[in-house]
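Colleague: Hints given; two lone chains; assemble the complex.
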Amino acid sequence: EPEVTQTPSHQVTQMGQEVILRCVPISNHLYFYWYRQILGQKVEFLVSFYNNEISEKSEIFDDQFSVERPDGSNFTLKIRSTKLEDSAMYFCASSDRGARGETQYFGPGTRLLVL
Amino acid sequence: RKEVEQDPGPFNVPEGATVAFNCTYSNSASQSFFWYRQDCRKEPKLLMSVYSSGNEDGRFTAQLNRASQYISLLIRDSKLSDSATYLCCSGNTPLVFGKGTRLSVIA
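So the sequence lines, in the order shown, correspond to chains A and B.
All residue numbers for the first sequence refer to our numbering, where the first residue is 144 and numbers rise by one.
All residue numbers for the second sequence refer to our numbering, where the first residue is 493 and numbers rise by one.
Worth flagging that the hints you see were computed from the coordinates, not collected in a lab.
Some hints could be false.
What the hints assert, rightly or not - Here are a few chain B residues that face chain A, going by a calculated C-beta distance under 10 Å:
id: 1; residue: SER524
id: 2; residue: TYR528
id: 3; residue: GLN530
id: 4; residue: ARG533
id: 5; residue: LYS534
id: 6; residue: GLU535
id: 7; residue: PRO536
id: 8; residue: LYS537
id: 9; residue: LEU538
id: 10; residue: SER541
id: 11; residue: LEU579
id: 12; residue: PRO586
id: 13; residue: LEU587
id: 14; residue: VAL588
id: 15; residue: LYS591
id: 16; residue: GLY592
As the list claims (entries may be wrong) - In silico negatives: residues of chain A with every beta carbon more than 12 Å from chain B:
id: 17; residue: THR156
id: 18; residue: GLN160
id: 19; residue: GLN207
id: 20; residue: ASP214
id: 21; residue: SER216
For glycine and all other residues, C-beta sits at the position ideal for the given N, C-alpha and C.
Looking at chain B on its own, in the form it has when it is part of the complex (with noise of 0.2 Å):
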């Protein structure tokens, strides 16, 4: 079964803090992974995709291990407007979700 395994938090970080979350996934075949972000009952907003070994854009760093089969996603200095649950997911068609990581940024 193909599965994708994620810290479900709540990770309760400060204002400016970097925060971290990490996700494994189960399937050795997976050739590409995305961070979703999904608010309160929203969809999921693609945050980034992660296709090599990582990718960065701006405050967000991916980072792939394919030999320990993890993905990472570093934020530095969090805003409040990033308290919001983390989604990763594997990239074969269909994609194949964590359950999701809550993180609540606190002034």
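Just chain A, with the same shape it has in the complex (with noise of 0.2 Å):
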């Protein structure tokens, strides 16, 4: 069964450093999405991306947040200046359509610890 994948699965940086996470989405979705969960926070939305462009953004998701498809297959997501804040468990997402209520996948997560 295909799936999202994630890379790395944990991150520990210092504060001020940038760090990139990293997403191999479903090969034939179209749909991708970061959200991120605070230990014991509910999961939030972050951004969607579709067509090599941003689709939605929360306002979480600020200046020190960029996302990227770089290729065919990988979906970034780059905190520019990470801050203690920025700890969470960094989810992707994939859907092959982005109509409302289509399914969407996720991945396993990233664990970023800020220092």
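Modeller: Structure, rendered in structure tokens:
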């Protein structure tokens, strides 16, 4: 069964450093998403991406965040200057249609710890 | 603000019990809903989609009440392996999640 993959599984970084989280969505999917989950909190939407551009973003997704699809398979989330409060689990998700209610499949996540 | 609210639990039930979770949503325009299951420190995994009045899959039944804006999940004959956090979400893109309801099934 096809699945979303993410690397690395864990990332520890110093405050102020840049991190890049990587995702490989399911191969025939066209819509990609990043969510985050702070420990003990709800899963929160960050950004959605379609046709090589951002289609929607939340207020969390400020100027320190960016996304990119550098090639035909990878989808990345960059955090330019990490803060302590960026420590969270970051999930990538994909779906084959962006229609309302289309099922999104989640990757296993990257646990980011900012020290 | 579009919110999804759930009773956080925990629900501690014996094996074989029937347990029900409720979830309310604030966005009356929402058309579809999902229940995801999340194990500790893992990703959400789709359990059920709820597009109309309800859906049933084996021991799991989801119901939608649009007038009252709530969705329920019923688990019959619960098993130890059902222990997890159950996330309700509104299916409007992007997904809006509740905080989840924690279930512990005890032998």
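Colleague: All the hints need checking, so say for each whether the structure fits it.
Modeller: Now for the hints, and whether the structure bears them out:
| no. | hint | result |
| --- | --- | --- |
| 1 | SER524 | holds, 3 Å |
| 2 | TYR528 | holds, 8 Å |
| 3 | GLN530 | holds, 8 Å |
| 4 | ARG533 | holds, 7 Å |
| 5 | LYS534 | holds, 7 Å |
| 6 | GLU535 | holds, 4 Å |
| 7 | PRO536 | holds, 5 Å |
| 8 | LYS537 | holds, 7 Å |
| 9 | LEU538 | holds, 6 Å |
| 10 | SER541 | holds, 6 Å |
| 11 | LEU579 | holds, 7 Å |
| 12 | PRO586 | holds, 4 Å |
| 13 | LEU587 | holds, 6 Å |
| 14 | VAL588 | holds, 7 Å |
| 15 | LYS591 | holds, 4 Å |
| 16 | GLY592 | holds, 7 Å |
| 17 | THR156 | holds, 19 Å |
| 18 | GLN160 | holds, 23 Å |
| 19 | GLN207 | holds, 20 Å |
| 20 | ASP214 | holds, 23 Å |
| 21 | SER216 | holds, 19 Å |
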